[in-house]
Amino acid sequence: MEKEQLKQQLKQQIVQFLNLTSIQPGDIKDDEPLFGEGLGLDSIDSIELIVLLSREYGVTIQDPKEGRKVLVDINTMADYIIAHKTK
Amino acid sequence: MYIHQHTCISAQETFENINLDIIHPPVGNKLVAKEPVYKGIPPGILRRMGKAVRMGAGAGLPIIENYRNINGIIIGTANGGMEDCIKFLNQIIDYEEGMLTPGNFVQSTPNAIAAQIGLMATNKGYNITHVHRGLSFENALLDAFMMLKTNPEASYLVGTVDEISAYNYNIDYLDGWYKSELHPGLSLYDTGSPGSIAGEGAAMFLVSSNRKNAIAQIRDIQTIHTTDHAVLKEMLREMLHKNALHTGDIDLLISGENGDIRLLPYYTEVTRIFNNTTAVVRYKHLSGEFPTSSAIATWLACGSSLPAHLFQSGYTGAAAKNIMIYNNYKGLQHSFILIGKSFGS
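Top to bottom, those sequences are chains X and E.
Numbering-wise (my numbering), the first sequence opens with residue 26 and increments by one.
Numbering-wise (my numbering), the second sequence opens with residue 724 and increments by one.
If you're looking for bench data, these hints aren't it; they were derived computationally from the structure.
Note that this is a predicted model, so its numbers are computed, not measured.
Built from N, CA and C at the ideal position, the CB exists for glycine as well.
Please note that the accuracy of each hint is not assured.
What the hints assert, rightly or not - Partial list, computed: chain E residues near chain X (C-beta under 7 Å):
(1) R770
(2) M822
(3) T824
(4) P825
What the hints assert, rightly or not - In silico DSBU-like links for lysine-lysine, alpha-carbon gap of 35 Å or less:
(5) K810/E to K54/X
(6) K1064/E to K1053/E
(7) K810/E to K753/E
(8) K94/X to K810/E
(9) K810/E to K28/X
Claimed, not checked - Pairwise CB distance ranges, derived in the manner of DEER restraints:
(10) I48/X to S1036/E: 50 to 56 Å
(11) E62/X to G763/E: 20 to 26 Å
(12) I72/X to E758/E: 25 to 31 Å
(13) I746/E to E91/X: 53 to 59 Å
(14) G751/E to I69/X: 31 to 37 Å
(15) I69/X to N792/E: 27 to 33 Å
(16) K110/X to Y790/E: 50 to 56 Å
(17) Y790/E to I69/X: 26 to 32 Å
(18) E62/X to G848/E: 32 to 38 Å
(19) D104/X to I746/E: 53 to 59 Å
(20) I947/E to T85/X: 52 to 58 Å
Whenever a hint applies, use it, and build me the whole structure from the sequences.
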């Protein structure tokens, strides 16, 4: 899967997994922060995202410090998936 | 115990712009709740809520907004967030007890409703949930009664929530508690067949010992598990005697008759105890059948007037002073709630 295609898929999955009913996948920018001022996700969402990466792409994040670098925006998530995916 | 404010989310127009002149019929044999726009719940929290938690918080928070200093939250629910519970259990199977997300689990426990209301209202008082199937609401009321005896100056949010989930609907349908089909144009009460129609909703009440400006008084609650008609009738007679009332003093009987031919003899016998001066209202065609539907009847009793079309008999247009609610869940769990509307202020 190409990176651009992966990013679109990720956006759809984030909207679906986190039940972001007021947001369309296309509304999420690639470099928009997932937490804080951007999408406004919180700590429970971070667990949901870690589970999403594991279930859908076989990517495991075990070190919380690593998680903070991966779950920054769509770009960082896509880069990490491409580098580590097992599915 | 006095009721000072009441809210209701149901399959009808019972929240904010109340209009009982329009009846929304069941769709696919279910009376699904008309959920409002939940103004008081932040979007980030709302998106994680299951329907039961949404309805409960949505109905409860407007009351707490007006009464910030309540001393506790007492909720009755038979099933709580069953839909989320099943999602979580399915995840355990689908992902072989591996990585599970917390959202569905957090929302699935019955006490999530009272807990969420408490968290959002930053209420650190008494917070409890009663889960006694068809008597959950009545036991929540009894709890409030006892709490007010201990703390006469206190006030509590008391209420109920139950949702239609695929799980409980399918199980109850297979067990014969819902009709396979309700023919359009045929009244729920004239089908002559077993089963009812499924319903869901939430009703919340602010209660205290203060009669000033109250809208209704809950005078007494009696519950029993029985299949014996004679025991049931005797309990009702004793309840009236205990409250120094005769059958003729009850202006209005709100009957939980639900169109299930198997339960009809109970409702018929209770109705026969009262004489012609007691009007009879039925409400399950509005709410559908669910374990805590007697809270909808209590909400109706709190209203200033009921439309004529709800009356099975005895409509006069006059406001009732003494109201008896009788509900029967699955032929085993019976409850009587005595409500007074004439107590001075």
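Of all the hints given earlier, name the ones this structure violates by number, lowest first.
none
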